[in-house]
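There are 4 protein chains.
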Amino acid sequence: MISAGTRGVYAIAPTPFLPDGALDVASLGRMTEWYLGRGVDGLTILGIMGEAQKLLPEESLTVVREVLAAAGNIPVVVGISAPGYAAMRRLAGEAMELGAAGVMMTPPPAMRTDDQIVGWFAGAVRAIGDDIPWVLQDHPTVTNVVMAPDVIRRTVTDNPSCVMLKHEDWPGLEKISTIRSWQEAGEMRPLSILCGNGALFLDLEMGRGADGAMTGYAFPEMLRRVVDLSATDPEAAADIFDAHLPLLRYEHQPGIGLAIRKHILAQRGAIAHRDLRAPGPRLSRAAEAEISWLLRRLERKDPVARM
Amino acid sequence: MISAGTRGVYAIAPTPFLPDGALDVASLGRMTEWYLGRGVDGLTILGIMGEAQKLLPEESLTVVREVLAAAGNIPVVVGISAPGYAAMRRLAGEAMELGAAGVMMTPPPAMRTDDQIVGWFAGAVRAIGDDIPWVLQDHPTVTNVVMAPDVIRRTVTDNPSCVMLKHEDWPGLEKISTIRSWQEAGEMRPLSILCGNGALFLDLEMGRGADGAMTGYAFPEMLRRVVDLSATDPEAAADIFDAHLPLLRYEHQPGIGLAIRKHILAQRGAIAHRDLRAPGPRLSRAAEAEISWLLRRLERKDPVARM
Amino acid sequence: MISAGTRGVYAIAPTPFLPDGALDVASLGRMTEWYLGRGVDGLTILGIMGEAQKLLPEESLTVVREVLAAAGNIPVVVGISAPGYAAMRRLAGEAMELGAAGVMMTPPPAMRTDDQIVGWFAGAVRAIGDDIPWVLQDHPTVTNVVMAPDVIRRTVTDNPSCVMLKHEDWPGLEKISTIRSWQEAGEMRPLSILCGNGALFLDLEMGRGADGAMTGYAFPEMLRRVVDLSATDPEAAADIFDAHLPLLRYEHQPGIGLAIRKHILAQRGAIAHRDLRAPGPRLSRAAEAEISWLLRRLERKDPVARM
Amino acid sequence: MISAGTRGVYAIAPTPFLPDGALDVASLGRMTEWYLGRGVDGLTILGIMGEAQKLLPEESLTVVREVLAAAGNIPVVVGISAPGYAAMRRLAGEAMELGAAGVMMTPPPAMRTDDQIVGWFAGAVRAIGDDIPWVLQDHPTVTNVVMAPDVIRRTVTDNPSCVMLKHEDWPGLEKISTIRSWQEAGEMRPLSILCGNGALFLDLEMGRGADGAMTGYAFPEMLRRVVDLSATDPEAAADIFDAHLPLLRYEHQPGIGLAIRKHILAQRGAIAHRDLRAPGPRLSRAAEAEISWLLRRLERKDPVARM
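Protein chains in written order, with this note's numbering: chain A, 75 to 381; chain B, 75 to 381; chain C, 75 to 381; chain D, 75 to 381.
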């Protein structure tokens, strides 16, 4: 189970599809093993970058089952965000029964005021039950829901089962500092903070007090080393981070980013096909050439990235 | 089957729930009969006002099956909009197999430019098959997708299976005129236009060339008479419309509107319970008193509205 | 000066332009007198419906000067919202020096969280000075800034110079009730609440505890009588309101609404020309015919509306 | 004058303020000379990053006058975007009379459909006159106006005075390729493309066919070398770009980014004070420490960046 003390690297895994759009069930186990081989501490599935919204419920369940079967003792967090609580309750229950380590959720775009957001989370916890450890995802660039630090504090205070923040506000560094300062002053209980947003600020987020990364960058090995080195040798951590930043920035483009990530993951053997399920973008020849160029440049700086 | 020649009144039916949030299966048939008794030409289910996004897939299927069973020969349109084409394809197939008269769809909020919207509809038709008659829903106040008239024309031209526009732009009167003028000039093929947006402009929309109404106002009898009278006696149509406008405007409030509608429909016996599924708003005592006041005033002007 | 005890009808005045887009200075005094002749208690100028954002600073000042000169003892509120505090400070200072009764302001769209909105108002009061009575405009349908009731309470509590709420949330009835219940419980200081949003809910807003109307509907005479009668004879107030609702709803269309309002105000002789300054919409022939039709129907129900 | 053949580096200059918020007039000339000393081909002032929306008209004019006086023969582009055409016309006229090389404009957020955007630009050109060379700014992350490539083509085709695209869509690489492919096919006339968006993709934008950069990154020397080397030695260009990317990414944060940029520019001696005009963010101590750390790391990689 995830807890307020969880630290390290959780990879956001994509959902593999066949070129015809069908779920690539055979790839799920292999992909899970591939991530384990990269040294991650956990996995997160069915997030926004997992194309969860395009899956049928039984497909979501298949993803959960296959990944959990291959993950062994490695904790797996399952994204359950949906427009209605009913679908969230069902998926949360199924996932936990199958052995998930927790669930992740974020409110729909209509939530605007502080009270609306706090109320939505309260209702969600009533729906799924207050015994499931969960991750509060704060991702305004995608959801358009802007959470003040105090909204997070209120939600964490009201809901003991909330144990982690998936931090991906942009800019977001001050938010980490605010939460950590409240905790130091005894004004907020402990909370794990794992950082997303494509890892674009991971080097600095660790210095602000984050506990690690939860994101889908195609080289989890980079996340691993940056998180591990950040406390003891921040310069070395930054050297590794900087080597990856040109590619990471390229992968972090809205809309097209997941297609880039899957293209690289397919090249690396993590998944069999790079296809997104429709509707979704495709890479142009020019984009493919740019990825190759960025990968070649990365290889020269970081041997781990040798394809 | 709906067609480009479809005219009249299609009621947008809500989805009935029990107070505990479970689908009220028993009410589905009764509700359908209630609408038939109000003289509607057709029904539309699983739209935005049908809380479709909060249903589990098997619940959606139950709604379709029960309503179709009770509807007999009356055509039923099924809303299938979803974040992914896979769910749309499945529901469209199931609904048509069960006897639906067509499906309705509208793009997700991320669609912004003309080409993006046209492309989304093209992909949707590829997904569901080009042999299912469908309704293009143009509802920017809820979806935040703004469609220029030419986007509708391009979509209608590219997709012969698109036979109807559910018109609910606001303001939207000029859009009807533009489409009708293109059709008169031979620059666009025939298309049924049924108007939604809570019927807030139905009196004038008929004068602009609409073929009828497709909306969920709690007194379909009003829609019926306004649509029927609009060509022959627009003053009489307007008198009826105006009598209902104070209540109609009250029901048309964003966010809280469906709770008002269900409150009245429950009072009228169309559904057993007024409850929305969570997350959803509840009416205050003050709101209930306002509805009673507006209903009493309406009764004095329109005997049909006697509760 | 406006105060927390201000009640009655404040007309939102448009800004008159010549057909070539120049400010119609000559109309300003006449328009002001026209409004006074309709029995309003005050005027509000340079609001969103006053096309304030399209004016040059010296034009804004001319509007303030001319209207104040003609208004005599009638209080005039001046809208000062702008992207920067510097422009707000200058216009507020000039307006008060010329004899304005107060200013009105609302935050820019980027304000999202409760704290952001409260902070923006605090900064605005620092900029303009804490001795100018001001109106907090809550208008999410135009500004996209959603204010929880508590944001209004915090702002009112923090800023003694805030004396009035221009209430135009939609739906907004519960917000009035919430504020009034806090005040009854001694948890919030007195505050005038005048309702806008085109008067679409004025009949019911008065019942919730509003102090009057501040809006620009082209028949201020209706606002006057509804506000006056609402406490003593709500049925009579509602009869008058209902007679106007078909036209009022037509005027309340986003985007095109101001063109409709100016068209009627020009017909009524309040302004010389109906033109909006570019960029702005124009009415089609069909829209003009609809207005004539609605006016003719209105005349039959309310003799005051005879053109 | 700028033209469709303009190439190179245009620095987006900030507007310097004194700590009390007053315009820092004395810094304007010095800042201009500082930029010239960095080898830029031109300057752009009064853009979004120039806090143009917070300036009073006479302040805008002072900025234009002082910068033009110091710029000598170097072309200066003046941002004129405003909610109304009247303000745009005046500033455009004044700027050109003072010797500006052209103006830049972008539509307000309400513009959504292709036709709305094309129509807004057409109206703007009518307002300012068709003899002023102008830059079409495509910046959806700030304006929320999404322009399809064809909207740019239509606008460029309809308005011969449009000579340049300030490209800052995100993702935006395909947009450059699309425009260049149309031009190669003879389906669109020549157009200068200078890239903004904080230079986050400048290395790759040059490869897609851009003519240079127009952005405000605090080290214009980097832009200079990347633009110059991109055609002849893209690896060397990328090496320089990559060295700056960690800082550039930090400066490119929404909301707080300009405060970071001004902090560095003040350290570099380009402006006397780092202050933004209210309302605007301030840097925390932690942020200042992060900038220092990033600058120290940058110095080690690029001697030009030695402070």
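Hints are not guaranteed to be accurate.
With a straight-line Cα cutoff of 16 Å, these simulated EDC-like cross-link-like pairs (lysine to aspartate or glutamate) come out [stated by the list, open to error]:
(1) D/K375 x D/D313
(2) D/K249 x D/D232
(3) C/K249 x A/D189
(4) C/K375 x C/E248
(5) A/K375 x D/E171
(6) A/K375 x D/E140
(7) D/K249 x B/D189
(8) A/K375 x A/D302
(9) B/K375 x B/D302
(10) A/K249 x A/D232
(11) B/K375 x C/D313
(12) D/K375 x A/D313
(13) C/K375 x C/D302
(14) C/K375 x B/D189
(15) C/K375 x B/D313
(16) C/K249 x C/D224
(17) B/K375 x C/E309
(18) D/K375 x A/D189
(19) A/K249 x C/D189
(20) D/K375 x D/E362
(21) B/K249 x D/E309
(22) B/K249 x B/D232
(23) D/K375 x D/E261
Output of the computed footprint for chain C on chain B, the stretches with three or more beta carbons under 8 Å from beta carbons of chain C [said to hold, decoys possible]:
(24) 87 to 98
(25) 233 to 241
The set of hints was computed from the structure by calculation and includes no laboratory data. Where is the CB? At the ideal position from N, CA and C, for every residue including glycine.
Which numbered conditions among the earlier hints are violated in the structure presented, ordered from lowest to highest? 2, 4, 5, 6, 8, 9, 10, 13, 14, 18, 20, 21, 22, 23, 24 and 25
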